[in-house]
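Asker: What follows is each chain in one-letter form.
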Amino acid sequence: MKHAEIAVIGGGPAGLMAALAAAEMGAKVTLVDRNSRLGGQLVKQTHKFFGSEKEYASIRGIDIGRILATEVHKNPNIETMLNSTVVAYYPDDGVLGIEVEEKKWVKMKAERIVVATGASEKYLLFENNDLPGIYGAGAVQTLMNEHGVVPGKNVLMVGAGNIGLIVSYQLMQAGVNVKAIIDAAPSIGGYWVHASKVARLGVPILTSYTVKAAYPNEMTGALERAVIWRVDDRWQPVPGTEKVFNVDVMCIAVGLSPLAELLWQAGCKMMYVPELGGHVPVRNDNMETTVSGIYVAGDVAGVEEASSAMMEGRLAGLSAAKSLGYDDGTYEEKKAEALKELENLRSGPVGGKIRKGLAQLAS
Amino acid sequence: MNRTAEIVIIGGGISGLATAYNLAAMGMKDVVVLEKSYLMSGSTGRCGAGVRQQWGTEMNCLLAKASCEIFENLNEILDYEGDIEFKQGGYLLMAVTEKEVEQFKKNVALQNSLGIKSVLLSPEEALEIVPDLNIEGILACAFHHKDGHANPFHTMIAYAEAAKRLGVKIYTYTEVTGIMVEGGRIRGVKTNRGDIFTGRVLIAAGAWSREVGAMAGVDIPVRPERHQILVTEPVNHRLGPMIMSFAGNIYCQQEPGGEFIMGYGPAEHETYSITSSWDFLEVMCRKAVRFLPYLRNIRIVRQWSGLYEISPDAQPILGRVEQVEGLYVATGFSGHGFMFGPITGVLMAQCILGLPTTIPIDKLDLARFERGELIFEPSVV
Amino acid sequence: MKSKTVICRCEDVTLEEIEELMEKGYTSMDEIKRITRCGMGQCQGRTCRTLLLAELAKAVKTHPAEIKITTFRPPAKNIKMSVILGGIDNEQNG
Amino acid sequence: MLATNGIPTAEELAPRIPPAERLKKGPVAIIECFQKIPCNPCSTACKTGAIEKFEDINDLPSVDLEKCTGCGLCISKCPGLAIFVVDETYSEMEAAVSLPFEFLPLPAEGEEVDVLDRSGKTVGRGKVIRVRNGKYEDRTPVVTVAVPKELSMVVRNIRVGGDRR
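Residue numbers (the UniProt record's numbering), protein chains in the order written: chain H, 1 to 363; chain X, 1 to 381; chain S, 1 to 94; chain V, 1 to 165.
Since the hints were made in silico from the structure, they are not lab data. No experiment lies behind these values; they were computed from the predicted model shown. Hints are supplied without guarantee of correctness; some may be wrong.
Distance ranges between label pairs, derived from CB positions [unchecked claim]:
#1 Gly-161(V) to Val-149(H): 22 to 28 Å
#2 Ile-17(V) to Gly-175(H): 29 to 35 Å
#3 Val-149(H) to Pro-256(X): 36 to 42 Å
Positions of the beta carbon are idealized from the N, C-alpha and C atoms, including for glycine.
My request is simple: use the sequences and hints to build the entire structure.
Answerer: Now the structure itself:
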């Protein structure tokens with residue numbers, strides 16, 4: 001049985017910052033990540049990030065991932081376990097079950113755990129939604145930006161949130177034609193600057209539209225045609241408003257939901273907060289869940305931007321270390337700073353949804 | 001919700017639903033089933049779903065044989081539009097100690113005498129049935145081709161739907177909070193959704209039967225025991241029968257969908273907790289691979305657990321409760337409630353209606369523990 | 001090819017099947033899971049759980065927060081028996 | 001409309017367009033950032049202090065038209081690719097528009113390209129007069145293209161090498 005002072009699960013923006021923050025306080029950290037390199041979703045984010053310098057604004061996600069990973073790797077207080085998937089939390093004795101390199105089984109008992117497992121993609125129900133050629137946006141990003149493979153020639157992007165907009169832009173960069181971006185909401189959910197970026201490329205964005213059906217090519221059985229239709233202000237489709245797109249790829253980017261399996265297994269109190277992407281853990285302002293010693297950060301704690309994920313990670317890492325007695329006298333100051341930064345990031349109009357969600361969680 | 005009923009059945013598992021269906025089919029009106037959670041939330045919905053006739057006591061053999069015969073025709077009996085997926089691939093029981101071999105011989109003789117055509121096989125003969133079996137350490141096997149397994153969910157839904165069609169009212173998320181007894185007679189039950197007046201109550205509450213019994217002032221000596229189980233990814237069919245070892249403490253079968261389901265019976269503390277543990281996972285893998293080495297390359301998809309309600313002699317407790325008029329009990333199956341479910345339904349309905357039972361169940365009554373007439377079953381996992 | 005709307009891709013469960021069950025009164029996620037196998041496949045409901053939640057909430061006209069969701073059990077990702085066994089052997093050897 | 005198709009209307013644009021007098025004086029940054037989002041690299045990128053420091057990270061950037069020299073250092077720093085520099089003094093008939101361009105192939109200086117408006121529609125031809133693609137730009141090259149003066153507030157994109165679609 002392996003022992004860890006602080007186990008950080010997930011090496012994305014939240015987990016990396018948590019590990020660094022805890023290590024900075026003097027705690028020994030074991031950072032566990034299922035991929036062969038650290039960075040989480042950062043490794044496929046080829047665009048420059050928003051936020052402030054504290055979260056590496058104006059640097060590409062992929063480079064932020066590299067910067068943080070380098071710091072983690074050279075930090076003597078952090079041990080990293082790569083290609084390692086935490087598949088279980090056994091609540092009877094608080095043991096983590098970890099699959100390493102798909103060949104080893106490691107059990108680990110940690111004094112504190114920071115769960116920073118991120119989120120998974122939501123899917124959509126429509127006729128023939130299982131045809132080959134229909135992908136999640138994350139899968140398309142992985143395909144293109146990690147493996148250098150384009151998914152097809154003509155794409156219908158479903159979802160005008162930041163992910164849908166950014167992936168559309170990346171598809172166009174890769175020479176793939178995005179025929180349209182549609183969204184069932186009456187307005188664009190993502191940042192307008194992203195929307196303008198794709199609009200300038202000639203990609204139409206159609207709000208208040210949803211997918212009606214997908215149709216296969218009779219020979220190949222793969223996607224050939226997508227039909228969309230308008231929804232009214234009660235989200236009901238309006239017959240007669242159908243539009244047809246001849247596309248071989250449909251990319252679904254309709255949001256993320258927290259990847260909280262381990263928290264459920266641990267018995268953390270969860271609450272359904274749609275503004276935060278679904279069921280999220282109840283936690284205090286140290287990012288500690290209702291199960292003592294288990295902390296959360298990033299999308300698993302509520303789907304948000306990478307910038308706030310980093311700050312939550314920092315907060316969780318600091319607090320976990322502090323709870324083990326690591327404090328060089330700077331804890332209160334650093335915590336206050338992180339809380340302030342989080343408040344800043346969420347204070348504007350686009351943070352309204354998150355603020356509403358967090359208020360529900362706190363009630 | 002009904003305010004009165006002919007009978008209130010506490011527990012929406014296989015025993016309760018099968019009894020409700022049979023009562024309605026035999027003409028009883030106003031049968032009410034109360035389930036504190038959703039249907040299949042208890043032991044039935046978590047079980048390994050094996051159905052075997054190879055038992056070591058006459059009582060269990062008779063019950064199992066009759067139950068199996070009902071399973072064979074259950075889709076038709078219940079007019080189920082789905083499929084309960086009853087597959088008779090047999091049970092291959094593996095003896096790994098000399099003592100077990102002796103017991104198997106006795107069992108097979110007993111079973112044969114009761115019309116169960118089980119056979120004793122050499123390990124080499126067992127290989128003809130399970131070609132991949134690692135027979136090292138196996139001294140002998142017992143096999144009965146008519147044993148098998150069913151889909152517990154569909155079996156329950158089949159009963160529930162058939163019962164509903166006959167007028168049975170099934171209330172889920174309805175928890176019994178008290179049983180009204182006056183002058184030694186059942187008067188009704190109290191629930192979180194109001195009271196129901198009735199002269200008859202059947203306790204079919206599985207692992208919670210002791211608590212429910214206490215509400216009527218009756219001690220039903222069953223204790224909850226956590227048992228764990230796991231399921232793998234679906235793979236091509238290569239295991240026909242359920243394989244089982246008592247001394248090796250394992251059962252393992254391949255489902256119609258191709259998934260392997262397996263479990264064992266560790267001695268665990270009395271608990272209502274149904275968490276999963278890592279030691280189960282490890283021990284289970286070792287046990288499974290010992291008999292079927294190819295399982296090594298198959299992936300585990302989920303582990304879960306459920307409760308056995310263990311009676312002092314690991315035998316069912318069926319029948320009238322003498323102390324309280326109108327109170328009946330069907331519990332204590334000690335891990336075999338699902339396979340006995342169909343016959344339990346018939347026998348309990350007969351018993352409640354005051355009819356002679358097709359199989360005598362007097363010896364399985366609750367009072368046997370006071371009388372000291374326990375029946376011990378040697379063949380359990 | 002017949003058109004269908006798939007809710008659970010691992011077990012090929014369609015929206016139509018779910019809707020039929022909801023009409024029959026099976027409106028708990030646990031019941032629907034057990035009857036249709038929705039969420040019982042390799043991914044253990046990672047994708048379909050949220051879809052099913054939304055459909056159930058719609059059917060019983062309640063907020064999704066009111067719907068009890070199915071239990072999460074280990075392993076969160078499927079794992080080969082040889083991996084588990086390798087782990088035990090390593091521990092005993094080392 | 002920005003909120004529904006990502007294309008700003010004339011009304012939405014109006015407050016961002018510098019007055020004619022300023023445009024006559026030389027290059028100036030036009031920040032087409034219309035939404036309060038938590039983001040501030042433009043203000044830290046500006047060396048002349050023309051993009052005022054934010055009190056709140058969600059503030060909209062504002063350009064001090066007197067201080068702005070139109071140097072364009074902010075263009076590649078904006079994660080939203082929302083900053084352009086327009087120089088209406090480039091020549092008598094032409095204006096120079098500097099814009100971020102993250103597509104391959106990059107145009108060569110002197111090359112003629114299609115020029116596009118905010119909806120991606122081709123509105124004419126322009127001549128590339130400068131391509132900045134150094135370490136500072138960090139893979140967000142800045143292309144300066146000469147366009148007919150009347151298109152200085154229309155052109156916001158280019159297409160290199162004819163019609164690719």
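Asker: Confirm or reject each hint.
Answerer: Consistency of the hints with the structure:
1. Gly-161(V) to Val-149(H): 22 to 28 Å: 23 Å, holds
2. Ile-17(V) to Gly-175(H): 29 to 35 Å: For Gly-175(H) against Ile-17(V), whose Cβ atoms are near 33 Å apart, the range 29 to 35 Å holds.
3. Val-149(H) to Pro-256(X): 36 to 42 Å: 38 Å, holds
The structure is consistent with each of the numbered hints, conforming to all of them.
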